[in-house]
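Asker: Residues per chain are reported as follows:
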Amino acid sequence: MSDPGWPLFEVFLRGKRGLNHVHVGSLHAADAQMALRHARDLYTRRNEGVSIWVVASADITASSPDEKDPFFAPSGDKVYRHPTFYDIPDSVPHI
Amino acid sequence: MTDALERDFESLVTHDRRIEPRDWMPEGYRKTMIRQIAQHAHSEIIGMQPEAGWVTRAPSLRRKAILLAKVQDEAGHGMYLYSAAETLGADRADLTRRLITGAQKYSSIFNYPALSFADVGVIGWLVDGAAICNQVPLCRSSYGPYARAMIRICKEESFHQRQGYELLLTMMRGTPAQQEMVRSAVNRWWWPSLMMFGPPDDQSPNTAQSMRWRIKRHTNDELRQRFVDMTVPQAEALGVTLPDPELRWNAERERYDFGPPDWAELKRVISGDGPCNAERIERRRAAHEDGAWVREAAVAYSAREGGAQ
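Same order as they appear, the protein sequences are chains A and B.
Position one of the first sequence corresponds to residue 86 (this note's numbering), numbered consecutively onward.
Position one of the second sequence corresponds to residue 658 (this note's numbering), numbered consecutively onward.
It is possible that some hints are incorrect.
Covered stretches of chain B (chain A as the covering partner; in silico rule of three or more C-beta atoms under 8 Å from a C-beta of chain A) [said to hold, decoys possible]:
| hint | segment |
| --- | --- |
| 1 | 922-934 |
| 2 | 948-956 |
From the structure, some residues in chain B lie toward chain A, with a derived Cβ separation under 7 Å [as the list claims (entries may be wrong)]:
| hint | residue |
| --- | --- |
| 3 | Arg679 |
| 4 | Arg749 |
| 5 | Glu823 |
| 6 | Ser959 |
Derived by calculation from the structure, the hints in this document are not laboratory data.
All C-beta atoms in this analysis are idealised placements derived from N, C-alpha and C, irrespective of residue type, glycine included.
Using the sequences plus the hints, can you model the full thing?
Answerer: In structure tokens form, the structure reads like this:
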């Protein structure tokens, strides 16, 4: 099979106004414009989206699962970033 | 090192957490997942064929639009699943090649022909009904991308089953000839539908490992029983008799008893000797090869316009 092969694109949908784009899957296309049209046909047959992003899978840089603990460690011990860290008397309103 | 990774993997799975694409996983898990997802994807793609022949011969514009949408969904389901298989390192072109060369299987049900328009209804009701039974538990598969694809698919399958049942209700209100078409189609599809759940549990050697890995949630026989229990009242409402003399309510078990499918037939059809095996693969091969110039032209156009990005 001497297929030239279409590259893989990742597809992100905004479900409705006010929401973030969310990854829904991938597809093959010759270029980004075609990926956008295929994404419409494949991932929005029932009005699942009002906006689509496509990005070549090869262009995504991801954190490595092998170092997941050390990579996320900087936020692990910073409990003071959370509002529940602080003791406020019950009598104080609206805080 | 591998021991620690394996422990992490086992712990995620036993706590019903999801495995994601870049996680470490045992080679056996990866291979089994690829095989299962690919086989499922192939089934969706081949599954377009039995009904597709009726698109141009549907009796009304309404039925034609519905059937076309349904067949498009099957293509879509195949694409979601190929996409999930690729997250495990499978290659799309390679999967297509494996389907065409027979190196990978698809569901044996699609090797039966759709002889009349009533078959379109029965396929929706029984075949998609059995598929739903199989697929709903897979929405909780331990492999994240597969589980997510299954959630989308299950939402869409519900339309497939209902349009089929509604079609049959309509035909059963029609002429005696139309009612006879429904009965004949039910008789032909009932047993193959029961076979969709796979061989009986005592002949299904991989079930135990698949259940441990949470890529299978119920045994074949459990799912088959569930399908029969769901379907019998639907057959009664439709006014058709399912072609099984042993089918009867068991008050003690509070489930239906039913006779065994012809397992020799299932083996025959799986091994290539069903009514339409050669025709289905040949059709898929022709579509793939006839489409080669389109794929090449799109790449050439994209290159001229400034590259794949």
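Asker: Taking the numbered hints from earlier one at a time, note which ones the structure violates and give those numbers from smallest to largest.
Answerer: Violated hints (numbers, rising): 1 and 5; every other hint is consistent with the structure.
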